[in-house]
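Enquirer: Now for the letters of each chain:
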Amino acid sequence: MNIVFVGHVDHGKSTVIGRLLVDTGSLPEGKLEQVRENCERNSKPFEYAFLIDALKDEQSQGITIDSARVFFKTTKRDYIIIDAPGHIEFLKNMITGAAHAEAALLVIDANEGVRENSRRHGYMLSMLGINQICVLVNKMDLVGYSQETYNAIVEEYSAFLGRINVKPSCFIPVSGFLGVNITDKDKTIPWYSGNTVLDALEEFTTAGDTVEKPFRMPVQDVYKFTRFGDNRRIIVGSIASGSVAVSDELLFFPSGKRGMVKEIEAFNAHPPAVASAPAAVGFTLNEQIYIKRGELAVKADEKKPHITSRIKTSLFWLGRKPMLAKKEYYLKIGSAKVPLRLEQILRVINANSLDWSDIKNSIERHDVAECILTLSHPIAFDTSEENPLMSRFVIIDDYEISGGGIINEELGDSQSRLRDNVYLRNYKWVTSGIPVEQRADRYNQRSALILITGKKDAGKKTIARALEKKLFEDGKIVYFMGIGNVLYGVDADIKGSDIVEDVKIEHIRRLAEIAHLMMEAGIILIVTAIELRQSDLEIIKTIVNPDKIETIWIGEQEATDLAIDKHIENAKNVDEIAGIIKETLQEKRIIFKPW
Amino acid sequence: MDHLENLENISIHLLREAYANFKNLCMLWSIGKDSTVLLWLARKAFFGHVPFPLVHIDTTYKIPEMIQYRDRLAGEWKLMMIVGKNEEALEKKETFPDGSVDRIACCRNLKTKALVSTLNGSGKRYRYNHHTNRYEVDKNTEPYTGVIVGARADEEGSRSKERYFSPRDNRSEWDIGDQPPEFWNQYKTDFAPGTHLRIHPLLDWTELNIWEYIDREKIPTVSLYYNQGDGTRYRSLGCWPCTFPINSESRTVTEIIEELKSGQLKNVAERSGRAQDKEDGGGLETLRREGYM
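Protein chains in written order, with the numbering used here: chain A, 1 to 595; chain B, 596 to 888.
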């Protein structure tokens, strides 16, 4: 079991750990004597903290004890003690150390009382999801074992933890220096008869409740090692919570696709019938559906995760540069990675006083903030209340992990209603008997939706026809679909009432559904549109696999918010433009260059 | 789920994470027990396949059994085997056995420099041809941007401070004072052009865990680890001029596990038989900062 020691600098973490090692007989032979001798020789009083320092020297000679991690064992179990730095500068390292712990001991100096990092560390522990916390009121010998002092600290710190919804498992008055209440109960503190530090350690429970939660597995990858003669398509990942069994019906989000577990795969072992958190597994499906890294696998008959591109979060910032509203960052959650923008800072919390500060427009290093984030694609998650593991994310700024946080609430985005439709469609979808790759192999192309847009007289239709012809002559399965064809047929019932925004959306929705059908059929579809807007594209992306969409802007591009894949300006003639688009398709590996 | 299964799961997760994030990925295989366990874990993670090259730095002073064992497994397990050397230093005889440099400088030449140039593609890479059973010059000279290494935190001081995903700058150097945060199974997988990442899936394993896992999975290991009757065995493998066996009666994996559990080796460092460690002021920090594994 991993235990982290946290607390303000100089409150005696190392002394308590040193004492714990001595009193449990966990030191290498002769170590204690050696350190005592050293102290005598240098005429300084012996301190248990020196043991930890001495171990540091020892490690440089190649012996296996580390300053950051100390190993010891009791008859009950093995422990790894993580000594987290108490200094604010090392908050990044404190988080790295503490995030691997299942429980924490927070040390407070009875003489100094609750200090800045006593609070900050308490707060970070709660955000990191470490909810087994025992508080040690140390250096009781320096306050004459005063029950009054102890009670005052217990009261003050309990009140603090209460405000962040943390309930400590215990408070223990100790003296690391004199070994009071570390491993042995003694009568030095007559008014205390509770647990010792060792008792508290032994009473911590290992995180076992993840198996009880609904099945959640971020899809880490999909393997098909055809080059090694292996035709299995194996979906892999580490189970975050719950369990999965052969024949379970699964859903994958955010795509909403569905599949049934055929076999749980294994190497050098029998394929298991069931696998539970935290196993790293791989399984095949009965259906040949196309999914990829970034999806979240859940069971069809269990609680569905939230899916949205707007979230309300609590986050802490570690980056040297502050987090700003205008800048683009990446959010990583499970195996998904999506671009993100800071939409709104609700409040910035001073982790020391827990006071809400005035409205700030940036989040500084070591700040903790509540804010709304907007993502460029929807993600699947549970909230921090429902399933903490599935609510945790990190933020990448300029290649570096610069912050972390938890999602507290799903907020609606513009696509919420459409997305529900798409999920029902995908759930009811009858999968073709011909796998996607087999179709792509036969046609020697991948299906794609090519959206050609630009100003009114940019010659989009002529270009679309030229491209269609070029690809057709190369033997591709390609179709240019004129908008009119849709307008007077599929849209006959709503045509003519364009003024209403809802109807506009419905036009685009129907167009996108047709495109989706054609994608499934393996076709390269060309569509033209006048000055396509980002909001239009968002609708299409909700309905058609976003990876299959190529947006091409012809001619001069003025104020438009559309994210385009290719901008073609100043081309000599239609044929040249069609050639450029063809090259783009080759670069994107939708079609292949001839040998 | 027992402790070994837990360690196995974490390592598999890290291997898959590396494979998903790095186009030019390789794994270092020193032929020793740790990187061989790592290779086995890769076969588990990828269901019997190893979908990236294994890089071995050959100093030409390796104990001959090690090379035989390497080529045997490369053939049996269909490994994409790449071997790199510092041919210039070998030709100029700038080595410790040639008497021209000390042990540390020799390690720097034959290991660190050979490794750096093999990884960035500036040095020749020799690739095992499974049809001819020979090594041929590899045409691929693209730099590897992700390098999987079998370092363990409990081995020695500097390794205990490592991250699972540990960045190296464009000169392969390691900034031990300012490492990225790492939490909630999220790792540094984004990197600037010219830099690369070392990935350490075995960071949480101890020497005992390694042997227990070898025992459980029946992983083939080099015979040098076992006492062949003279009361000695190698505890850590390297080049013959600088690697010495320890006194031990252990003839089998089970006996090594017993020996480690008994505490007989408690006050003997695992790498005590590696002479270069002692010359590097005790730790390997100097060598490792420069790019040593």
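Wrong hints could be hidden among the right ones.
[Claimed, not checked] Which stretches of chain B does chain A cover? Using the computed rule of at least three CB atoms under 8 Å from a CB of chain A, they are:
no., segment
1, 695-705
2, 785-799
3, 848-855
[What the hints assert, rightly or not] Calculated cross-link-like contacts (lysine to aspartate or glutamate; reagent style EDC-like; alpha-carbon spacing at most 20 Å):
no., chain 1, residue 1, chain 2, residue 2
4, A, K321, B, D773
5, B, K673, B, D733
6, B, K639, A, D493
7, B, K618, A, E263
8, A, K337, B, E757
In case anyone wonders, no lab produced these hints; they're calculated from the structure.
Every residue gets a Cβ at the ideal spot worked out from N, C-alpha and C, and that includes glycine.
Enquirer: Please go over all the hints and tell whether each is borne out by the structure.
Expert: We went through each hint and held it up to the structure:
With a cut-off of 8 Å between beta carbons, the segment 695-705 of chain B has 0 residues touching chain A; three or more are needed, and the interface restraint is violated. As drawn, the segment 785-799 of chain B meets chain A at 3 residues by the rule of a beta-carbon pair under 8 Å; at three or more, the given contact holds. With 0 residues having a beta carbon nearer than 8 Å to a beta carbon of chain A, the segment 848-855 of chain B misses the requirement of three or more and the stated coverage is violated. The suggested pairing of K321 (chain A) with D773 (chain B) holds, with an alpha-carbon distance near 15 Å, which does not exceed 20 Å.
Simply put, K673 (chain B) and D733 (chain B) have alpha-carbon atoms about 17 Å apart, close enough for the 20 Å limit, and the pair holds. Simply put, K639 (chain B) and D493 (chain A) have alpha-carbon atoms about 57 Å apart, too far for the 20 Å limit, and the pair is violated. Taking the CA atoms of K618 (chain B) and E263 (chain A), the gap is about 29 Å. The hint is violated against a cut of 20 Å. Restraint check for K337 (chain A) and E757 (chain B): not satisfied, since their Cα atoms lie roughly 25 Å apart, outside the 20 Å limit.
When held up to the earlier numbered hints, the structure conflicts with 1, 3, 6, 7 and 8 and fits the remainder.
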